[in-house]
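Hey, can you work out the whole structure from these sequences and the hints?
Those protein sequence lines, which keep their order, are chains U and R.
Heads up: the first sequence at position 109 corresponds to 192 in our numbering, and the numbers run straight through without jumps.
Heads up: the second sequence at position 20 corresponds to 55 in our numbering, and the numbers run straight through without jumps.
Only true hints are included.
The following residues of chain R were derived to be distant from chain U, with all beta-carbon distances above 10 Å:
(1) Arg95
(2) Val96
(3) Pro106
(4) Leu118
(5) Ser149
Covered stretches of chain U (chain R as the covering partner; in silico rule of three or more C-beta atoms under 8 Å from a C-beta of chain R):
(6) 113-119
(7) 199-208
(8) 211-219
(9) 224-237
Quick list of in silico lysine to aspartate or glutamate cross-link-like pairs, DMTMM-like style, CA-CA up to 25 Å:
(10) Lys58(R) <-> Asp227(U)
(11) Lys58(R) <-> Glu230(U)
(12) Lys58(R) <-> Asp100(R)
(13) Lys58(R) <-> Asp198(U)
(14) Lys58(R) <-> Asp182(U)
(15) Lys58(R) <-> Glu233(U)
(16) Lys58(R) <-> Asp217(U)
The hints are simulated quantities; they were obtained by calculation from the structure and are not laboratory data.
Virtual Cβ for every residue (Gly too), placed ideally from N, Cα, C.
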Amino acid sequence: MLLAAGLLGCTGRVEQAGDAWLNRSQQDPALSGDGRLLAMISELRGRPTVLLRNENGSIQPVPQLRRHQPHSSPSLSWNGRYLALITQRGQRRLAIVLDRLNGRLHPLPLPGGRDPIRLSLAPDARKLALQVADQGQWRVEVLDLSEMLEPDRAAGAALTTPAIEESP
Amino acid sequence: MRHLLALMVLPFAIQGCAGPRPKPIPELNGLLRQSVSGRREPVLSQRWLVSLSQRGGRERVELIDLNSRRPVPLPGLNRADALPISVSLSADGERLAVVQQREERTELVLYRRSVGTLQRVPLEPPGVPRAVSLNGNGRRLAVQVSRGGRWDIDLIRLP
Chain U
84 MLLAAGLLGC
94 TGRVEQAGDA
104 WLNRSQQDPA
114 LSGDGRLLAM
124 ISELRGRPTV
134 LLRNENGSIQ
144 PVPQLRRHQP
154 HSSPSLSWNG
164 RYLALITQRG
174 QRRLAIVLDR
184 LNGRLHPLPL
194 PGGRDPIRLS
204 LAPDARKLAL
214 QVADQGQWRV
224 EVLDLSEMLE
234 PDRAAGAALT
244 TPAIEESP
Chain R
36 MRHLLALMVL
46 PFAIQGCAGP
56 RPKPIPELNG
66 LLRQSVSGRR
76 EPVLSQRWLV
86 SLSQRGGRER
96 VELIDLNSRR
106 PVPLPGLNRA
116 DALPISVSLS
126 ADGERLAVVQ
136 QREERTELVL
146 YRRSVGTLQR
156 VPLEPPGVPR
166 AVSLNGNGRR
176 LAVQVSRGGR
186 WDIDLIRLP
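Take a look at the structure:
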């Protein structure tokens, strides 16, 4: 009953079509939590490479990630400080997190030498979910990054630790 | 004495090189292996994990509350004649965007959990959706669409 009532036209509005802002194939979209930044995979010189698109429509490459293609499965934190994705290192695939604030790369090798297939970074960058192959099946594993990365929270979001009170 | 000093410093030097490492969450990862024969396409928000889980040879959208570590019901979403391809969710877990195959066509739908409604999101110009991403408040959506043999990404504002 719910479905019969629900399968109606949604009044969503297309803000910007792809070919208006980038005249090449684009795949694997990932919005930041605040919606201001879009990560995607596009072919650069024939190699699938991650690009970022700002709210104003400008496209920017990610200088720290000019190598180690093919790139896949990008994921952004709330304000876009962190970009997680899968890169290629020799014969292996490697998940990495780029801190765009300081340009630092955090490689995330998986125990047992397994290859990541897809990933998703939590908006606050405290956790990362990975899809891996395990005994012929797809599995999802979650990693705790809280000791590795500073959080990237929405403005005004509640903190998990109490604020320091000012002395009177 | 010099050797003793070197032995004392070495463990700290090694730890300093390695830095903090990502830590698996065994209890949660054990739960994610239970009662499914496969799980893929994970998407995390603060409190929620959504993925496509395979049970009894059928794939369905499954939403897990990371606080209670339990799946939550999604009435009206996993229809018997629908095959999910890609899924995303808002930060509060209220909105899920799904690309699914149904009746031999591929469609983009928006599911609102609190009211259990499923709405088709039209693509203009028409195309075949493949992968979807929602932003935190669930009001912006990016979708990969096939048009004329090429992949585009559309940005859609939702009411």
